[in-house]
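Protein chains: 2
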Amino acid sequence: MEFVQSNPKLIVTADDKVYLASQPADVAERFNSLSRGEMLELFRQLGLAIQAKVVSHLSERNQVALATRLPRPQLSDLVSKMDPDDRVDFYNRMPEGAQQQLLLALAHAEREDIRMLASYQEHCAGAIMTSKYATLAPELNPEQAIARLRQISPDAETVYNAYVVDENRQLLGTVSLRELLLAGANQTIAELMVKEVIAVNADTHKEEVAKIVRRYDLMALPVTDAQNQLLGIITYDDILDVVTEEATEDMHKSANIGKLTTNLKDASIFQLFKKRVLWLVLLVFGNVFSGAGIAHYEDLIGAYVALVFFLPLLIDSGGNAGSQSATLMVRALATGEVQLKDCSKIMLREVFVALGLGLCMAAAVFGLGMMRGGSEVAMVVGLSMVAIVMVGSLVGTFLPFVLHKLGMDPASASAPMITSLSDISGVLIYFAIASQLLAF
Amino acid sequence: MEFVQSNPKLIVTADDKVYLASQPADVAERFNSLSRGEMLELFRQLGLAIQAKVVSHLSERNQVALATRLPRPQLSDLVSKMDPDDRVDFYNRMPEGAQQQLLLALAHAEREDIRMLASYQEHCAGAIMTSKYATLAPELNPEQAIARLRQISPDAETVYNAYVVDENRQLLGTVSLRELLLAGANQTIAELMVKEVIAVNADTHKEEVAKIVRRYDLMALPVTDAQNQLLGIITYDDILDVVTEEATEDMHKSANIGKLTTNLKDASIFQLFKKRVLWLVLLVFGNVFSGAGIAHYEDLIGAYVALVFFLPLLIDSGGNAGSQSATLMVRALATGEVQLKDCSKIMLREVFVALGLGLCMAAAVFGLGMMRGGSEVAMVVGLSMVAIVMVGSLVGTFLPFVLHKLGMDPASASAPMITSLSDISGVLIYFAIASQLLAF
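Going down the list, the sequences are from chains A and B.
Be aware that the first sequence starts at 443, since it is given in our numbering, and climbs by one per residue.
Be aware that the second sequence starts at 443, since it is given in our numbering, and climbs by one per residue.
With the rest of the complex left out, here is chain A:
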């Protein structure tokens, strides 16, 4: 790997891939494919400012390597230079011993800052905020305000949004740099600022924070405590990461995959095994109930073996329809499109949708039923299809609401769970109808 002399902004690697050396994300990607020794070697060659930006883009494995192998003075310089939100993520990944040593080596302000940010639970606003924000006193005029922003710019995540606070750090209002530029020279910050500030508490869930930022197109969102004192801000780039990660988490939940803390590419065989096995085994035991249902009807099956032909088809259809319903509902609840109060209206609508779907699918199998077992079996299969699809869809629609009402994450209504519930009910419905209609 070499830094191209003619254009020091680019790195050309041995395999001729070109990266923008000025972009931390690109530098980190290149580093992530090196051995730890090489990575450390090249990392040391970077300037401190770039180092501070690169760290948050490195893989977990590499971050831990830095934390445990960089000489302590270098590590504390690095950590002091990093943005507070990147810094606390880095800190949280370190082994406990390294954390303690690091804190001892830092200045008081940084140590307290890390402690404060690390005290918040992982899914909260507090865990993603930064403590580096721009504040202004209400009595300044625009020219003074801009001069102050210029002055504190190196220490603020953003100067485009400034927060007006009193001497107790209580949030009085916000003002944007754009407004300052356009303001008349005699106005004060107190006059210019927006007083109804949209803010969140430190314990607000990340998903809720993302909904708010998205709804109001915010560039930055202040985080306040119960006394309305400013604790930190969350910026748009971190929200973009939150939205992407939350979507990934929900998608994984829908397939009953436990929370993966590392990048998928880097995960080990054992990690992947561990995150998936629990639910798969639980679902096996859950599915035993559908087997029990079948056991109950063993004689019927022995007499009409043609019924078995349709079994996977029917229970799959219930599962598919239920998955569709659940997917729609879980996502709509997550993005805020649908709320608890809409439940009855949506369930009623689902009855009709599912009825229509069930009838279409019954029509599709009816002909097959005739061919395989005659009109009796066709009737059984057709009726069962309608019933199974309706039950599956209604369960799939209702379950996310129930979970949401109980304060749980609707995304826990996973596809395998819905499918298993549909299977059990499907088996019982199918053979119950069969035993009735076939006079067994």
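If you're looking for bench data, these hints aren't it; they were derived computationally from the structure.
Heads up, some of the hints might be wrong.
Only pairs whose alpha carbons sit at most 20 angstroms apart, straight line, appear in this in silico DMTMM-like list of lysine to aspartate or glutamate [to be verified]:
hint: 1; chain 1: A; residue 1: 783; chain 2: B; residue 2: 708
hint: 2; chain 1: B; residue 1: 717; chain 2: A; residue 2: 779
hint: 3; chain 1: B; residue 1: 783; chain 2: A; residue 2: 468
hint: 4; chain 1: B; residue 1: 787; chain 2: A; residue 2: 784
hint: 5; chain 1: B; residue 1: 495; chain 2: A; residue 2: 638
hint: 6; chain 1: B; residue 1: 574; chain 2: A; residue 2: 621
hint: 7; chain 1: A; residue 1: 653; chain 2: B; residue 2: 784
hint: 8; chain 1: B; residue 1: 653; chain 2: A; residue 2: 683
hint: 9; chain 1: B; residue 1: 653; chain 2: A; residue 2: 688
hint: 10; chain 1: A; residue 1: 707; chain 2: B; residue 2: 784
hint: 11; chain 1: A; residue 1: 637; chain 2: B; residue 2: 468
hint: 12; chain 1: B; residue 1: 574; chain 2: A; residue 2: 659
hint: 13; chain 1: B; residue 1: 653; chain 2: A; residue 2: 691
hint: 14; chain 1: A; residue 1: 574; chain 2: B; residue 2: 659
hint: 15; chain 1: A; residue 1: 787; chain 2: B; residue 2: 471
hint: 16; chain 1: B; residue 1: 783; chain 2: A; residue 2: 471
hint: 17; chain 1: A; residue 1: 783; chain 2: B; residue 2: 468
hint: 18; chain 1: A; residue 1: 653; chain 2: B; residue 2: 471
hint: 19; chain 1: B; residue 1: 707; chain 2: A; residue 2: 784
hint: 20; chain 1: A; residue 1: 574; chain 2: A; residue 2: 528
hint: 21; chain 1: B; residue 1: 707; chain 2: A; residue 2: 779
hint: 22; chain 1: A; residue 1: 523; chain 2: B; residue 2: 659
hint: 23; chain 1: B; residue 1: 701; chain 2: A; residue 2: 621
hint: 24; chain 1: B; residue 1: 495; chain 2: A; residue 2: 659
hint: 25; chain 1: B; residue 1: 787; chain 2: A; residue 2: 471
hint: 26; chain 1: B; residue 1: 783; chain 2: A; residue 2: 708
hint: 27; chain 1: A; residue 1: 717; chain 2: B; residue 2: 779
hint: 28; chain 1: B; residue 1: 653; chain 2: A; residue 2: 468
hint: 29; chain 1: A; residue 1: 707; chain 2: B; residue 2: 779
hint: 30; chain 1: A; residue 1: 574; chain 2: A; residue 2: 645
hint: 31; chain 1: B; residue 1: 653; chain 2: A; residue 2: 471
hint: 32; chain 1: B; residue 1: 637; chain 2: A; residue 2: 468
hint: 33; chain 1: A; residue 1: 787; chain 2: B; residue 2: 708
hint: 34; chain 1: A; residue 1: 653; chain 2: B; residue 2: 468
Chain A is fixed; fit chain B onto it per the hints.
Just chain B now, with coordinates in the frame of chain A:
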């Protein structure tokens, strides 16, 4: 509904809900629950600037109402005032007759702007960009540049990022307002600007655009044509919407739901039916193959009815494991965590993960197999479980790569599709092993 006199920034409704009247998203939410007549009545009472912001947050139904019922002079004032990206979305929703009439009523510049933005396909960068951006000439000094930004501020989506162009509108570089504030008085824009600009083409897919914005934490991303001329910019708030919508779309695809163009809450019975029925019926026919497999082994089933007990359990397990694999892979491909070149490494890893999972699940059912049918059946069930889980997982892992390689959306490897493939293979594997081991 009333505007509260004491605090004109709030609206208190008859049911005592309070909305921020200053926030377009809140005003629109209130409007979306009114009848069209009431909505139009109250909309007219708003100032033009707020109207222009509110439109993009209104439901599709309400936007169409505005387009068809507002008097033409009002409509063209409104459209002229709106941001270009919101405006073209509004325009695209109008019935064709209304579109034509509107274009006739607009000034030339706005008409051409709408035509240009509307010419891009829905999934492209061109469809989400705005043409309102700040440009600077390279020879300006910082003070002149800031003065210019102040001047053009009403007409630019953002003044925090400015684009340096030559007389042919070719993009030479970018400079941020923060850099301008911190720059020395004698520097020129040409010296300050960043020359390696991260930009995209107008036909770049939205998902790709989102990956880039996320990777480099961009506040705004310029869109250029083949001659490097600046066409427009995409801002962080629109990317946040893109990421959320793309995630929703992928989740729906994973359950084989067709693209819903309206809000879930507002969708009609027929719309929901239409979006879901096609795939459900197709999957029914697909599942006929698993039935055919069963038909082939009808005699075996008649002789060993206990085998049917385990059928749903086994094929479900294959489907669950396959869904997990597919979910992990589809999402990782969508967010860029995993690329095509990682395929063989990941498939190899999956062999081991799936083997481990299969053995665990086989152990779980083995005892049951003993109870229900003796050691022979237990063997058959155990072996089948391992084989079925491995095949399901590998298919679930491999299919997204195949689709991606063929240029299709990996998210088309939906859970129902994976489940159906697992079912068919599961049935064949199970009864093949059974007929071998039970010497049938």
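Quick rundown of the hints versus the structure:
With a C-alpha separation of about 14 angstroms, the suggested pair residue 783(A) and residue 708(B) falls inside the 20 angstroms cut-off, and the hint holds. For the suggested pair residue 717(B) and residue 779(A), the alpha carbons sit about 18 angstroms apart, so the restraint of at most 20 angstroms is met. As the CA atoms of residue 783(B) and residue 468(A) are separated by approximately 18 angstroms, the hinted pair is consistent with the 20 angstroms bound. The straight-line distance between the Cα atoms of residue 787(B) and residue 784(A) is roughly 46 angstroms, outside the 20 angstroms bound, and the hint therefore fails.
Under the criterion of a C-alpha separation no larger than 20 angstroms, the hint pairing residue 495(B) with residue 638(A) is consistent with the structure, at around 18 angstroms. A threshold of 20 angstroms between alpha carbons decides the hint, and for residue 574(B) with residue 621(A) the separation of about 18 angstroms falls inside it, so the pair holds. Taking the CA atoms of residue 653(A) and residue 784(B), the gap is near 34 angstroms; set against the 20 angstroms cutoff, the hint is violated. Taking the CA atoms of residue 653(B) and residue 683(A), the gap is near 10 angstroms; set against the 20 angstroms cutoff, the hint holds.
With a CA separation close to 15 angstroms, the supplied pair residue 653(B) and residue 688(A) stays within the 20 angstroms bound. Taken as a hint, the residue 707(A) and residue 784(B) pair is honoured in the structure, with Cα atoms around 8 angstroms apart against an allowance of 20 angstroms. The straight-line distance between the Cα atoms of residue 637(A) and residue 468(B) is roughly 17 angstroms, inside the 20 angstroms bound, and the hint therefore holds. Restraint check: the Cα-Cα separation between residue 574(B) and residue 659(A) comes to about 17 angstroms, which is no more than 20 angstroms; the hinted pair holds.
With a C-alpha separation of about 17 angstroms, the suggested pairing of residue 653(B) with residue 691(A) holds against the 20 angstroms cut-off. Pair hint residue 574(A) plus residue 659(B) holds up; C-alpha atoms about 17 angstroms apart against a cutoff of 20 angstroms. Proximity of residue 787(A) to residue 471(B) is assessed by CA-CA distance (about 18 angstroms); at most 20 angstroms being required, the pair is judged to hold. Annotation: proposed proximity of residue 783(B) to residue 471(A) holds, straight-line Cα distance about 15 angstroms (limit 20 angstroms).
For the hint linking residue 783(A) to residue 468(B), the alpha-carbon distance of about 18 angstroms falls within 20 angstroms, and the restraint holds. Using a Cα cut-off of 20 angstroms, the hinted pair residue 653(A) and residue 471(B) holds, with the two alpha carbons roughly 14 angstroms apart. Using a Cα cut-off of 20 angstroms, the hinted pair residue 707(B) and residue 784(A) holds, with the two alpha carbons roughly 8 angstroms apart. A hinted pair counts as satisfied when its Cα atoms are at most 20 angstroms apart, and residue 574(A) with residue 528(A) qualifies at roughly 11 angstroms.
About 7 angstroms separates the Cα atoms of residue 707(B) and residue 779(A), which keeps this hinted pair within 20 angstroms; it holds. Using a Cα cut-off of 20 angstroms, the hinted pair residue 523(A) and residue 659(B) holds, with the two alpha carbons roughly 19 angstroms apart. This hinted pair does not check out: residue 701(B) and residue 621(A) have alpha carbons roughly 40 angstroms apart, beyond 20 angstroms. A C-alpha spacing of about 11 angstroms is found between residue 495(B) and residue 659(A), which places the hinted pair at or below 20 angstroms, so the restraint holds.
Restraint check: the Cα-Cα separation between residue 787(B) and residue 471(A) comes to about 18 angstroms, which is no more than 20 angstroms; the hinted pair holds. Distance check on the hinted pair: residue 783(B) and residue 708(A) sit about 14 angstroms apart at the alpha-carbon level, within 20 angstroms; holds. Restraint check: the Cα-Cα separation between residue 717(A) and residue 779(B) comes to about 18 angstroms, which is no more than 20 angstroms; the hinted pair holds. Pair hint residue 653(B) plus residue 468(A) holds up; C-alpha atoms about 13 angstroms apart against a cutoff of 20 angstroms.
A hinted pair counts as satisfied when its Cα atoms are at most 20 angstroms apart, and residue 707(A) with residue 779(B) qualifies at roughly 7 angstroms. A threshold of 20 angstroms between alpha carbons decides the hint, and for residue 574(A) with residue 645(A) the separation of about 19 angstroms falls inside it, so the pair holds. Using a Cα cut-off of 20 angstroms, the hinted pair residue 653(B) and residue 471(A) holds, with the two alpha carbons roughly 14 angstroms apart. The straight-line distance between the Cα atoms of residue 637(B) and residue 468(A) is roughly 17 angstroms, inside the 20 angstroms bound, and the hint therefore holds.
Distance hint between residue 787(A) and residue 708(B) is fulfilled; the C-alpha atoms sit about 11 angstroms from each other, no more than 20 angstroms. This hinted pair checks out: residue 653(A) and residue 468(B) have alpha carbons roughly 13 angstroms apart, not beyond 20 angstroms.
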